[in-house]
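Colleague: In order, the protein sequence lines correspond to chains H and Z.
Residue numbers for the first sequence follow my numbering, beginning at 38 and rising by one.
Residue numbers for the second sequence follow my numbering, beginning at 38 and rising by one.
Relax, there's no trap hidden among the hints.
Each pair may be met inside one copy or between any two copies, as identical chains are not told apart.
For lysine to any residue, the following SDA-like pairs were computed, each having C-alpha atoms within a straight-line distance of at most 25 Å:
(1) K199 with E80
(2) K150 with N137
(3) K199 with N71
(4) K52 with H222
(5) K199 with R57
(6) K199 with S82
(7) K120 with H222
Calculated from the structure, these hints are not laboratory results.
Quick caveat, the model's predicted, so the values are computed rather than measured.
Protein chains: 2
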Amino acid sequence: MKERIMTLEVKKISKAVIGRLPRYYRYLGELLENGVERISSHELSERMHVTASQIRQDLNNFGGFGQQGYGYNVEFLYLEIAKILGLDRQHNLIIIGAGNLGQAIANYPNFQKRGFVVRGLFDINPEIVGTFVNGIQVRGIEELEQYIEQEEIQIATLTIPKTNAVEIANRLIAAGIKAIWNFAHTDLSVPKGVVVENVHLSESLMRLSYRVSNTENWESSNAFEEQ
Amino acid sequence: MKERIMTLEVKKISKAVIGRLPRYYRYLGELLENGVERISSHELSERMHVTASQIRQDLNNFGGFGQQGYGYNVEFLYLEIAKILGLDRQHNLIIIGAGNLGQAIANYPNFQKRGFVVRGLFDINPEIVGTFVNGIQVRGIEELEQYIEQEEIQIATLTIPKTNAVEIANRLIAAGIKAIWNFAHTDLSVPKGVVVENVHLSESLMRLSYRVSNTENWESSNAFEEQ
Chain H
38 MKERIMTLEV KKISKAVIGR LPRYYRYLGE LLENGVERIS SHELSERMHV
88 TASQIRQDLN NFGGFGQQGY GYNVEFLYLE IAKILGLDRQ HNLIIIGAGN
138 LGQAIANYPN FQKRGFVVRG LFDINPEIVG TFVNGIQVRG IEELEQYIEQ
188 EEIQIATLTI PKTNAVEIAN RLIAAGIKAI WNFAHTDLSV PKGVVVENVH
238 LSESLMRLSY RVSNTENWES SNAFEEQ
Chain Z
38 MKERIMTLEV KKISKAVIGR LPRYYRYLGE LLENGVERIS SHELSERMHV
88 TASQIRQDLN NFGGFGQQGY GYNVEFLYLE IAKILGLDRQ HNLIIIGAGN
138 LGQAIANYPN FQKRGFVVRG LFDINPEIVG TFVNGIQVRG IEELEQYIEQ
188 EEIQIATLTI PKTNAVEIAN RLIAAGIKAI WNFAHTDLSV PKGVVVENVH
238 LSESLMRLSY RVSNTENWES SNAFEEQ
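Construct the complete structure from the given sequences, taking the supplied hints into account.
Modeller: Here you go:
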């Protein structure tokens with residue numbers, strides 16, 4: 038069977054599509070683990086609870102990997118999406134705030150598997166500084182700038198209360214950080230060229246609270262596409 | 038100055054609007070803390086980095102709290118949004134999985150302040166069962182069903198690996214849980230009347246990775262509206 042070679046032509050892709058790619062990546066990874074080599078948009082749509090036409094439209098953004106009556110090559114699509122998401126290279130990451138949430142992230146095995154390598158943890162609490170989390174010794178926040186420069190850190194995770202978040206974010210940016218994964222419950226203003234991805238847990242909990250209080254107003258019980 | 042009394046008429050509200058309400062709630066809460074009584078859609082738009090017309094459209098969904106040339110009454114709007122989000126009542130919550138992430142949630146002071154009361158923690162690890170987190174003793178998972186029934190628990194937080202998530206979710210639903218805050222990296226199928234809010238941290242990290250790898254393709258550096 039002849040494999041058609043397709044060139045990857047990245048168009049201007051909407052945020053909504055990008056937002057859905059990690060979920061495609063997860064499902065394709067599970068299919069791969071289960072030894073599935075090919076899948077039709079129809080089958081994938083049944084598993085993912087989205088329409089087959091949405092799947093075709095989404096994946097067409099990347100040059101169209103599917104072939105009529107033949108389906109998608111699972112491994113090829115998985116690897117292409119990995120490239121698009123930047124998962125085909127290593128990202129050096131630090132965590133600011135070595136409390137429960139920072140420790141949870143440092144201990145999460147799947148991040149490393151996907152190329153996100155936690156290189157350092159920082160805290161201001163003298164009781165935490167010097168302790169080890171997943172084999173990494175927690176450093177004092179005064180070492181931040183030097184460490185970022187020396188170790189070529191690209192991504193900083195902010196797992197601190199909102200009080201100090203803006204000040205620390207400014208220090209991170211001045212030190213050359215290109216991306217902030219922000220768990221502090223505040224919005225950060227960053228210059229062009231620096232990206233922020235917010236995870237505001239209490240806002241997620243409020244959406245849940247809304248939905249449990251207004252089940253009848255909600256279109257479906259499971260808001261997959263929100264992720 | 039005469040206060041106009043407005044009746045709250047809840048229309049069919051889009052997910053996008055609901056998704057933005059917690060952020061309005063946060064900004065209004067900060068304004069209140071700073072003693073601000075009134076704010077125009079224009080001022081609010083500058084603080085929140087969204088257009089004034091978006092703010093007016095969003096808030097009009099709830100019957101329109103603003104008055105031309107007068108602005109919004111911050112406290113009134115704050116309390117109305119709280120009602121809409123179901124934050125005007127207490128929600129009893131349990132956490133399944135008392136690892137770092139479960140502990141982080143149990144220790145988060147703002148959840149309780151907003152009416153989300155962590156009543157119980159559950160784990161399968163005998164080394165964790167019996168220990169205390171924020172004053173709550175961790176119970177064995179075998180006590181789950183009885184506890185949910187006795188304590189009238191509405192919301193369950195799933196902070197466990199995906200391996201057992203589907204099985205535990207089914208037990209929760211059978212025991213009468215109405216909402217699952219799901220941190221397990223898998224999608225849950227739930228019957229009508231049960232809501233799931235997913236927090237897939239690795240998907241958030243992948244979006245960050247995409248954006249740091251494709252900064253030029255991204256429309257703005259800070260994706261506020263994604264939250």
